[in-house]
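A.B. asks: Sequence:
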Amino acid sequence: MKIFIDADGCPVVDLTLKIANKNQVEAVILCDTSHEFRRDGVETVVVSKGADSVDFALVNRIQSGDIAVTQDYGLAAMCMAKGAIPISQNGMIYTDENIEALLLARHTAKKIRNAGGKLKGSRKRTPQQNVDFEKALDRLISTLLSEK
Numbered sequence: 001m002k003i004f005i006d007a008d009g010c011p012v013v014d015l016t017l018k019i020a021n022k023n024q025v026e027a028v029i030l031c032d033t034s035h036e037f038r039r040d041g042v043e044t045v046v047v048s049k050g051a052d053s054v055d056f057a058l059v060n061r062i063q064s065g066d067i068a069v070t071q072d073y074g075l076a077a078m079c080m081a082k083g084a085i086p087i088s089q090n091g092m093i094y095t096d097e098n099i100e101a102l103l104l105a106r107h108t109a110k111k112i113r114n115a116g117g118k119l120k121g122s123r124k125r126t127p128q129q130n131v132d133f134e135k136a137l138d139r140l141i142s143t144l145l146s147e148k
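Per this note's numbering, residue 1 is the first one in the sequence shown, and the count goes up by one each step.
Wrong hints could be hidden among the right ones.
[As the list claims (entries may be wrong)] Derived Cβ-Cβ restraints for the label pairs, each shown as a range:
| hint | residue 1 | residue 2 | range |
| --- | --- | --- | --- |
| 1 | Lys22 | Lys49 | 31 to 41 Å |
| 2 | Arg113 | Lys22 | 36 to 46 Å |
| 3 | Glu26 | Gly117 | 39 to 49 Å |
| 4 | Glu26 | Ser48 | 18 to 28 Å |
| 5 | Gly83 | Asp138 | 20 to 30 Å |
| 6 | Gly65 | Arg113 | 16 to 26 Å |
[What the hints assert, rightly or not] The list that follows gives simulated cross-link-like pairs (lysine-lysine, BS3-like), each with its CA atoms no further than 25 Å apart:
| hint | residue 1 | residue 2 |
| --- | --- | --- |
| 7 | Lys118 | Lys135 |
| 8 | Lys135 | Lys111 |
| 9 | Lys49 | Lys110 |
If you are wondering where the hints come from, they were derived from the structure by calculation, not from laboratory data. C-beta atoms are modelled at their ideal positions from N, C-alpha and C, and glycine is treated no differently.
Using the sequences and the hints given, assemble the complete structure.
C.D. replies: This is the structure in structure tokens:
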């Protein structure tokens, strides 16, 4: 098992690395040239800047049983298709039960924006979101390790 981090715009990179280290799970950071992340002792894959370049690099590396940390619903769906388990930066595990509604909401929001409409942005991140993420990722790793 590995943890792949879609690091572009991800507020939990360091928290994910802390949890991975605590559980002795290898982590890989993926980013593009405009958001480079370097952390000692962690593999970092830097790809050319471009639409979805990080997403495709991640999905080409991820395998069944791996974990993907991403806030991108499309990437989460592609990871699920490969048997991986995606988790959001807020600790939500993407599942067959929730991914379709999330993708539909994303599509609807894009249609509104393309038509010139405005949508509210994300709220400021709270410390509780980090706590929720940490608990969820710890639980997920424990579950996957116990299944081995």
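A.B. asks: Compare the structure with each hint and give your call.
C.D. replies: Status of the hints after comparison with the structure:
Taking the beta carbon of each, Lys22 and Lys49 are about 32 Å apart, inside 31 to 41 Å as hinted. Remark: the range hint 36 to 46 Å for Arg113 to Lys22 is upheld by a beta-carbon distance near 39 Å. For Glu26 paired with Gly117, a C-beta distance near 42 Å keeps the hint of 39 to 49 Å intact. Here the CB-CB span from Glu26 to Ser48 is close to 24 Å, well matched to the stated 18 to 28 Å.
About 21 Å separates the C-beta atoms of Gly83 and Asp138, a value consistent with the hinted range of 20 to 30 Å. Checking the proposed 16 to 26 Å range against Gly65 and Arg113 shows it is violated: the Cβ atoms sit about 36 Å from each other. A threshold of 25 Å between alpha carbons decides the hint, and for Lys118 with Lys135 the separation of about 34 Å lies outside it, so the pair is violated. A hinted pair counts as satisfied when its Cα atoms are at most 25 Å apart, and Lys135 with Lys111 does not qualify at roughly 35 Å.
Between the alpha carbons of Lys49 and Lys110 the distance comes to roughly 21 Å, so the proposed pair stays at or under 25 Å and holds.
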